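Keeping their order, the protein sequence lines are chains A and B. Those letters in the first sequence? Residues 30 to 370, by our numbering. Those letters in the second sequence? Residues 156 to 467, by our numbering.
Don't take every hint at face value.
Label pairs and their computed distance ranges (CB to CB) [what the hints assert, rightly or not]:
id, chain 1, residue 1, chain 2, residue 2, range
1, B, S341, A, Q189, 50 to 60 Å
2, B, Q255, A, P275, 31 to 41 Å
3, A, G249, B, K394, 35 to 45 Å
4, B, Q455, A, S289, 37 to 47 Å
5, B, V396, A, S203, 52 to 62 Å
6, A, T186, B, N392, 18 to 28 Å
7, A, Y191, B, L326, 29 to 39 Å
8, A, E134, B, Y190, 55 to 65 Å
9, A, C288, B, Q218, 49 to 59 Å
10, A, G187, B, G282, 34 to 44 Å
11, B, S341, A, P275, 53 to 63 Å
12, B, Q255, A, R193, 53 to 63 Å
Simulated from the structure, these hints should not be mistaken for laboratory data. Quick caveat, the model's predicted, so the values are computed rather than measured. Yeah, the Cβ is synthetic: ideal placement off N, Cα and C, and Gly gets one too.
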Amino acid sequence: MAAPKVAVVGAGVIGLSTALCIMETCPSCSVTILSDQFSPNTTSDVAAGMLIPHTYPGTPIHVQKQWFKETFAYLFAISNSAEASEAGIHLVSGWQVFKNTPEEELPFWSDVVLGFRLMSEAELQKFPQHRFGQAFMTLKCDCPPYLLWLEKRLKATGVQMYTRKVADLWELHSEYNVVVNCAGIGAQQLVGDKKLFPVRGQVLKVRAPWLKNFIRDGDGLTYIYPGIHRVTLGGTREKESWSLSPDPGTTKDIFDRCCSLEPSLRGAQDIKVKVGLRPSRWCVRLQREVLSQGGLKLPVVHNYGHGAGGFSMHRGTAKEAARLVGECIAALQGSSSRAKL
Amino acid sequence: MRVAIIGAGVIGLSTALCIHEQYHSLVPSLEMEVYADRYTPRTTSDGAAGLWQPYLSDHGNLQETLWNKETFDYLLGHLGSPAAKEMGLFLISGYNLFTQLVPDPSWRNIVLGFRNLTPKELELFPGYSYGWFNTALMLEGRSYLPWLTNRLTQRGVKFFRKKVESFQEVLAPWVKHFIITHDIKSGIYNSPYVIPGSEFTVLGGIYQHGNWNEENSAQDHKTIWENCCRLLPALQNAKIVDEWSGLRPARPWVRLERETIRHGQFQAEVIHNYGHGGFGITIHWGCAMAAARLFGSILQEKKLASLPQPRL
Chain A
30 MAAPKVAVVG AGVIGLSTAL CIMETCPSCS VTILSDQFSP NTTSDVAAGM LIPHTYPGTP
90 IHVQKQWFKE TFAYLFAISN SAEASEAGIH LVSGWQVFKN TPEEELPFWS DVVLGFRLMS
150 EAELQKFPQH RFGQAFMTLK CDCPPYLLWL EKRLKATGVQ MYTRKVADLW ELHSEYNVVV
210 NCAGIGAQQL VGDKKLFPVR GQVLKVRAPW LKNFIRDGDG LTYIYPGIHR VTLGGTREKE
270 SWSLSPDPGT TKDIFDRCCS LEPSLRGAQD IKVKVGLRPS RWCVRLQREV LSQGGLKLPV
330 VHNYGHGAGG FSMHRGTAKE AARLVGECIA ALQGSSSRAK L
Chain B
156 MRVAIIGAGV IGLSTALCIH EQYHSLVPSL EMEVYADRYT PRTTSDGAAG LWQPYLSDHG
216 NLQETLWNKE TFDYLLGHLG SPAAKEMGLF LISGYNLFTQ LVPDPSWRNI VLGFRNLTPK
276 ELELFPGYSY GWFNTALMLE GRSYLPWLTN RLTQRGVKFF RKKVESFQEV LAPWVKHFII
336 THDIKSGIYN SPYVIPGSEF TVLGGIYQHG NWNEENSAQD HKTIWENCCR LLPALQNAKI
396 VDEWSGLRPA RPWVRLERET IRHGQFQAEV IHNYGHGGFG ITIHWGCAMA AARLFGSILQ
456 EKKLASLPQP RL
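Take the sequences, apply the hints, and build the full model.
And the structure:
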């Protein structure tokens, strides 16, 4: 096969990073990204982009750890280079605090982030309602900058990008050899995956440049993540809610919860409200599938359902997806050479 | 009773506030006046990045370590208050980097979460083999001095108008940690440092003993910029917006003591509170409190001298 034609559906952090990994492993491939939304209008643009993993109940822990390690190492190298500011990648340290001591004091990722340790009594005094805490340093991917940087690198390798709403993967059969499904929450409609469900998240993005440390409540509902220009305040986890409209009552609630963790936020300026639907699933769907219909075959690689852990796992899952694309291409080449006999 | 404060940097203004807060109700006739040739934003304190961090070693000067701790605890107590933002006060974490093993500093238990750097973190800083990470405080002079001035003005204190540190200020809002490198041979702050503030990031690393020149030097500019970019490659895209040179008032130790000066028949009590070098912000409140205690002892002596005679 001369130049295998690969279509990647979806242009969030998963779609873009998967396309980049495919180009890295298969430079002869012709990769095209198709998505109804591009940055700054993807789910990824709403996310704070913090590398703090979400645990998937259905994926083995050692696999999740590997994905996180690869993602962390990749971004760590960028953060320490001249490209850091353009890519929006920076180190940030802070605290995860718990009102009640958690069952698991050492999460699986504690030796991947930097300087992980339990908080001292003196440090916990800053959080009078919390009794236990972890201090560590991790990475943050600011969006849109990170997505725009990925798009720039993709264009430099010759990848084409088109705004197009793909309603059915079979639409792509005649133009592409392999389709990669990175549609995020869109996969529910696109491939009819009923195991995929939205978890609605509302966040505030405010100006508070004196905040240099992140603070996260271990319940995952209240968090303060300083980015390059804005601080992301969160949040909510509303299962099965599809509403993309900001709710004013929720805005006030988020602001109040964050101010009780960090009183200086009362002076925050210029509050913007955003909503995203986390594409949640019991486990990330990362697998090959060959669709068949009336004698036609369409190799598909699925890479969606990252829920609250998209940024934390993106590079690791993108590399695995690229590997699966390689397998699809090899299988096609194998069968096409067999056909010549 | 007239009290003159000479100097309107962090030391002058905080000493003024400390004395006024503690004694104005005890001395109804207290009139306080501040005299200085420079006010914010043109004082040495305005040029300081504002990071709370003493020198590496206290050279056995326990008194200064106690003043540092008093200052840190005082500021930490104000962190959660509504005034914090106006004061320019916030938490910041960061690194101290060394090319050799060094003993822990006197302030390791004053700051929060002091620990050694892990090997993985040291990978970020080639050429440095050892280091510390801790959370400390920033107190930005350009906010704190106006805040102190406002508090003093509200209290009726009057102000009257009648001396190197070099740095560059850049826009690098992606830098969230301070990084201070140390070269034991070349001495404190002669090695690059990066300190992110609320608006700008300060790049520095010049400590020239005996140099009274407040003009920016092109050579020092180059030294600072190249060294800081080597330390933190992510800085290369930062935009330089300002440059400044200031004179740290260095002394082997802080001069904080009383002196009675006589000029003919005229006699005045003087409290000296100067010589805070590169740690003025770090030590200011402890020194202000000590100066206020000296003031109290002067009051006590004067009261004894001017007690009204009992009526017989």
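Right, here's what the structure says about each hint:
no.	hint	result
1	B:S341 - A:Q189: 50 to 60 Å	54 Å, holds
2	B:Q255 - A:P275: 31 to 41 Å	54 Å, violated
3	A:G249 - B:K394: 35 to 45 Å	37 Å, holds
4	B:Q455 - A:S289: 37 to 47 Å	45 Å, holds
5	B:V396 - A:S203: 52 to 62 Å	55 Å, holds
6	A:T186 - B:N392: 18 to 28 Å	22 Å, holds
7	A:Y191 - B:L326: 29 to 39 Å	36 Å, holds
8	A:E134 - B:Y190: 55 to 65 Å	57 Å, holds
9	A:C288 - B:Q218: 49 to 59 Å	39 Å, violated
10	A:G187 - B:G282: 34 to 44 Å	39 Å, holds
11	B:S341 - A:P275: 53 to 63 Å	54 Å, holds
12	B:Q255 - A:R193: 53 to 63 Å	60 Å, holds
Consistency note: the structure conflicts with the earlier hints numbered 2, 9.
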